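Chains A and B are the protein sequences, given in the same order. Anchor point for the first sequence: position 53 equals 53 in my numbering, and the numbering is continuous, going up by one each time. Anchor point for the second sequence: position 86 equals 86 in my numbering, and the numbering is continuous, going up by one each time.
For the record, the hints were derived by calculation from the structure and aren't laboratory data. Be aware that one or more of the hints could be misleading.
Cut-off 30 angstroms, straight-line C-alpha distance, at most; resulting in silico cross-link-like pairs (BS3-like, lysine-lysine) [as the list claims (entries may be wrong)]:
id : chain 1 : residue 1 : chain 2 : residue 2
1  : B       : K40       : A       : K105
2  : B       : K36       : A       : K2
3  : B       : K22       : A       : K109
4  : B       : K41       : B       : K22
5  : B       : K41       : A       : K2
6  : A       : K109      : B       : K19
7  : B       : K41       : A       : K45
8  : B       : K18       : A       : K109
9  : B       : K18       : A       : K42
10 : A       : K79       : B       : K18
11 : B       : K40       : A       : K79
12 : B       : K40       : A       : K45
13 : B       : K18       : A       : K2
14 : B       : K40       : B       : K18
15 : A       : K109      : B       : K40
16 : B       : K41       : A       : K109
17 : A       : K105      : B       : K18
Label-pair ranges, simulated between beta-carbon atoms [what the hints assert, rightly or not]:
id : chain 1 : residue 1 : chain 2 : residue 2 : range
18 : B       : E67       : A       : Q69       : 37 to 47 angstroms
19 : B       : R96       : A       : K42       : 41 to 51 angstroms
20 : B       : P69       : A       : D7        : 34 to 44 angstroms
21 : A       : P10       : B       : S38       : 15 to 25 angstroms
22 : A       : K109      : B       : N70       : 43 to 53 angstroms
23 : B       : T16       : A       : D7        : 33 to 43 angstroms
24 : A       : P14       : B       : H77       : 43 to 53 angstroms
25 : A       : G9        : B       : K22       : 44 to 54 angstroms
26 : B       : T16       : A       : S68       : 45 to 55 angstroms
27 : A       : K79       : B       : K41       : 19 to 29 angstroms
28 : B       : E67       : A       : K109      : 42 to 52 angstroms
Footprint (simulated), chain A over chain B, 3 or more residues, beta carbon under 8 angstroms [said to hold, decoys possible]:
id : region
29 : 16-29
30 : 59-70
Bear in mind the structure is a predicted one, so any value in this text is a computation, not a measurement. We put the CB at the ideal spot given by N, CA and C, even for glycine.
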Amino acid sequence: RKEVEQDPGPFNVPEGATVAFNCTYSNSASQSFFWYRQDCRKEPKLLMSVYSSGNEDGRFTAQLNRASQYISLLIRDSKLSDSATYLCVVTAPNNYQLIWGAGTKLIIKP
Amino acid sequence: ETGVTQTPRHLVMGMTNKKSLKCEQHLGHNAMYWYKQSAKKPLELMFVYSLEERVENNSVPSRFSPECPNSSHLFLHLHTLQPEDSALYLCASSPRGGADGYTFGSGTRLTVV
Chain A
1 RKEVEQDPGP
11 FNVPEGATVA
21 FNCTYSNSAS
31 QSFFWYRQDC
41 RKEPKLLMSV
51 YSSGNEDGRF
61 TAQLNRASQY
71 ISLLIRDSKL
81 SDSATYLCVV
91 TAPNNYQLIW
101 GAGTKLIIKP
Chain B
1 ETGVTQTPRH
11 LVMGMTNKKS
21 LKCEQHLGHN
31 AMYWYKQSAK
41 KPLELMFVYS
51 LEERVENNSV
61 PSRFSPECPN
71 SSHLFLHLHT
81 LQPEDSALYL
91 CASSPRGGAD
101 GYTFGSGTRL
111 TVV
C-alpha cells in the first residue's frame with residue numbers, strides 16, 4: 001500500500017464549479033498534514049496546512065479525518081488559474097520528514 | 001535575491017559526464033533537502049542536511065554525492081548517471097528541519113542521454 005494515495009485524475013471541471021478531492025494516508029502516527037500546489041514544470045508551493053477541526057482559506061477548505069486517515073480539499077467557485085496538480089503531504093511519525101502523494105491533476109475549463 | 005535558487009534550470013548530460021547541481025537559500029533556514037521528482041511519481045527524498053550535517057540518506061546510489069559547505073549552499077554532484085536518473089531535481093529548505101516552512105527552488109530538469 002502506498003504511504004499517501006491520491007486519485008491521479010485528471011479532474012476536468014468547468015469554471016465556477018465546486019470540486020473536491022481526497023487523499024488517504026497509511027500511518028496513523030502522522031501528525032501534520034498539508035496540501036501543496038504544483039503548476040506544470042514548476043516547483044511545489046504550500047497551499048494550506050490541514051487542521052483537525054478543518055480550516056478554510058478563501059475558496060479552499062481542507063478537512064482531516066484521523067479515524068479514517070483521509071484528508072480532503074474542496075475548491076469552490078473554481079477559476080482557470082486553479083488548474084494545477086494538488087499534492088497531499090503528511091509528516092512521517094518523527095514529524096521530521098514529509099511523505100508526498102503523487103498528486104491529483106485538476107483542469108479548469110472555460 | 002531571496003528564496004531558494006537552483007542552477008542550472010536544465011541540464012543534459014551523457015552517462016560518462018560529471019556535473020553538479022547547485023542550490024542556494026537566502027532565508028536563514030537551517031535545513032536543506034534534495035528531492036527527485038519523476039513523472040507521475042511522488043517526490044522522493046534523497047538527502048537532508050541540518051546545520052550542515054547530513055541527517056538522512058535514503059538509499060541513494062553513490063553516483064549521487066551531496067555536499068553542504070555551509071547552511072546557505074547545497075550541491076548535488078553527479079557522475080556516471082543512468083537514463084533512469086532523468087527527472088526533476090528539487091532543492092528545498094526549512095527553518096529547523098521540521099515539516100513547516102518548506103520552500104522549494106525551481107528545480108533542475110535533468111536529462112541523461
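Which earlier hints turn out false for this structure, listed by number in ascending order? Violated hints (numbers, rising): 3, 6, 8, 10, 13, 17, 19, 25, 29 and 30; every other hint is consistent with the structure.
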